[in-house]
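Colleague: Residue numbers (our numbering), protein chains in the order written: chain G, 1419 to 1754; chain B, 725 to 1086.
Just so you know, the hints here were simulated from the structure itself, not pulled from any lab data. Hints are not guaranteed to be accurate.
Unchecked claim - Calculated lysine-lysine pairs in the DSS-like style (CA-CA distance at most 25 Å, straight line):
1) B:LYS864 x G:LYS1665
2) B:LYS801 x G:LYS1665
3) B:LYS869 x B:LYS885
4) B:LYS798 x B:LYS869
5) B:LYS913 x B:LYS937
6) B:LYS1023 x G:LYS1665
7) G:LYS1502 x G:LYS1474
8) B:LYS885 x B:LYS913
9) B:LYS798 x B:LYS913
10) B:LYS885 x B:LYS864
11) G:LYS1532 x G:LYS1502
12) B:LYS869 x G:LYS1665
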Amino acid sequence: MTRYVLRRLLGAVLVIFVVSVVTFAIFQLGPALSNTSPVYYYIGKIPFPAGSVQLKLIEHRFGFDQPLWQQYWTWLRGILFGRKLDDGSTFVNCHAPCLGYSFRLNTPVTSLVKQALPVSLSLAAGAAILWLVGGVTVGVISALHPRSVFDRAGMTMALAAVSLPIFFTGPILILVFVYQLKWLPNISYVPITQDPAQWFRSMILPWIALSFLFAALYARLTRASMMETMGEDYIRTARAKGLPRRKVTLRHGLRAALTPIVTIFGIDVGTLIGTTVITETVFNLRGLGYLSVQSIHTQDLPVIMGVTIIAAIALVVANLVVDILYAFVDPRVSYG
Amino acid sequence: MTVEPRDITRSPSGDTGAYLSVNDLRVHFPTGDGIVKAVDGLSFSISRGQTLGIVGESGSGKSVTSQAILGLHKGSKARISGEIWLGDQELVGMTEEEIRGLRGDQMAMIFQDPLSSLHPFYTVGRQITEAYRVHNSVGKSAARKRAVEMLDLVGIPNPDKRFDDYPHQFSGGMRQRAMIAMALVCDPKLLIADEPTTALDVTVQAQILELMKELQREFNSAIILITHDLGVVAEACDSVVVMYGGQCVETGTVNDIFYHAQMPYTWGLLGSMPRMDRDRRERLQPIPGQPPSLIQVPKGCVFNPRCVYQDHVPGDLCKTDHPQLLMTQRGNEGGLLPHQVRCHIRESERERIWTEQISPTL
Chain G
1419 MTRYVLRRLL GAVLVIFVVS VVTFAIFQLG PALSNTSPVY YYIGKIPFPA
1469 GSVQLKLIEH RFGFDQPLWQ QYWTWLRGIL FGRKLDDGST FVNCHAPCLG
1519 YSFRLNTPVT SLVKQALPVS LSLAAGAAIL WLVGGVTVGV ISALHPRSVF
1569 DRAGMTMALA AVSLPIFFTG PILILVFVYQ LKWLPNISYV PITQDPAQWF
1619 RSMILPWIAL SFLFAALYAR LTRASMMETM GEDYIRTARA KGLPRRKVTL
1669 RHGLRAALTP IVTIFGIDVG TLIGTTVITE TVFNLRGLGY LSVQSIHTQD
1719 LPVIMGVTII AAIALVVANL VVDILYAFVD PRVSYG
Chain B
725 MTVEPRDITR SPSGDTGAYL SVNDLRVHFP TGDGIVKAVD GLSFSISRGQ
775 TLGIVGESGS GKSVTSQAIL GLHKGSKARI SGEIWLGDQE LVGMTEEEIR
825 GLRGDQMAMI FQDPLSSLHP FYTVGRQITE AYRVHNSVGK SAARKRAVEM
875 LDLVGIPNPD KRFDDYPHQF SGGMRQRAMI AMALVCDPKL LIADEPTTAL
925 DVTVQAQILE LMKELQREFN SAIILITHDL GVVAEACDSV VVMYGGQCVE
975 TGTVNDIFYH AQMPYTWGLL GSMPRMDRDR RERLQPIPGQ PPSLIQVPKG
1025 CVFNPRCVYQ DHVPGDLCKT DHPQLLMTQR GNEGGLLPHQ VRCHIRESER
1075 ERIWTEQISP TL
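Sequences and hints are given; from them, build the entire structure.
Modeller: See the structure below:
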């Protein structure tokens, strides 16, 4: 088991390395293709005419005159060990993990990410719990009573939920619960460490809006998986043993039906970190999605690269967790 | 559909020695294409310590019958009528909850494919203790002791260690042994084995059959052995029900069926059985045609579209009249299950065909 985890960890590190190379390479493409000095993508303007000695000097300070692999190494080393940033007039000591420095916002990328990550994590985790519980419950009941009123209503709702975009359901939720019913205060994100109750109140609507979509997918998925499982021979065996219906359904049926769902769940949650742009925008949450959109608007290259690598790491870690969990969930998976 | 007279009738209190008595059982499934008459008017009895074989092709209603006895069709759309008496309890009219208390306790079942019939995510031991603890309020350690005892009894080496293994860590034969241990953990009085050896190789088949016999001697349980393998029947059974198209076409003792068969379908089954003691150049005799549709059951005798002996019956009787299951002259030699045949051919004629045409070729 330890060997299995270690091997998976090593694999994950390799994947993250490849991701970092690709991320770095992709973001060198922009300056190369548009034939603009990378300086523009770092500080937002070209302070001196192209080809001038002064510009060359700045490019030299940034290290853009060095070969690409060396620039990559500088960037990676910064992430691993921290580095000294030098904009020509001042020195900034950027501690590991140093993702670079946003000259637009005059802030290290790492501290931008540090602010945004808890928001994204809160959003993804809360929504994930909601949709997992909601989706699986609806799916199981639908599977046990196929073509019943509940099943038809549930599946129709699911179809509607998949079809409705968050920029529609989100504002409706705000309108109803904040402005009409006044059940919730009109507040933006409050860190959980500061005030858990307020944090919960600030997150409940975003959770609902985001989980609505996923709950629908999971309800359909669970229904299909559960219906297949309930037709398995071992369910018949469980009934033949004289087990009560509830035990047959939950302990034998659901236990097996959930296995494929665990896989998808991990990947979905991992993907959500950094991609919940619409939900964050609608609910005015300053998460990673919001940060990435902002940095794309302002062409703030160091921030874009930083957010990309963090989102990628989140997905790889989620996958790793699923892989390890899977070995516990399904004893047939060998650890070898 | 005509209701046939019952050949074996028995009141629950009637002292015939039968432990399980099935009377005129019908299991019909309504589908979009029509009603599937999976079992249509089946009757048989079996006493404790006896083994009854139910033979027939795929789709003849064998498995449906066994699942009807356990009440596994309850909660589905199946329409079940007739009576099933287990001891002095009638099962068809029971609610799911009532019959659930009997399942696994009074009657248990062994299934065909032990790998797919065991839950892949739970240890073998846990699945056995689960079966035990549903019906016996005992603690975990007592249940474990009992399960290890059962694993030992069915011949699994190192039962205490293998208790914690998962089904995929067992071999095919071991899995079926574990299945048997699970079925017998509550000492059921009736054991239904639905093709218990089909998924196993031949040497293991013999071991499993021997094991079932041993356990039967020990627990004095009634066994219903469902199979399409006449070799297994000859080896393990006392009496036999031959099913075709959801109906019983011939019943009797093993002796009746193997040495005095009188129904053309049984002849076909016997003729298509490979024999070690026969010349290999001789061809097996398959039964021509396909098993009947259970939605459009053939008019007259259910076997008539495939029967080659219809010229022994005057007129179109085979195609128009549904023959009744009647007792033969050999009669009640079989005790609970007398020799009965569902065929229009005259009995003396059937005996003649058997001795002159069928028996010598077997």
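Colleague: Hint by hint, work out which the structure violates, then give me just those numbers in ascending order.
Modeller: Of the numbered hints, 4, 6, 8 do not hold.
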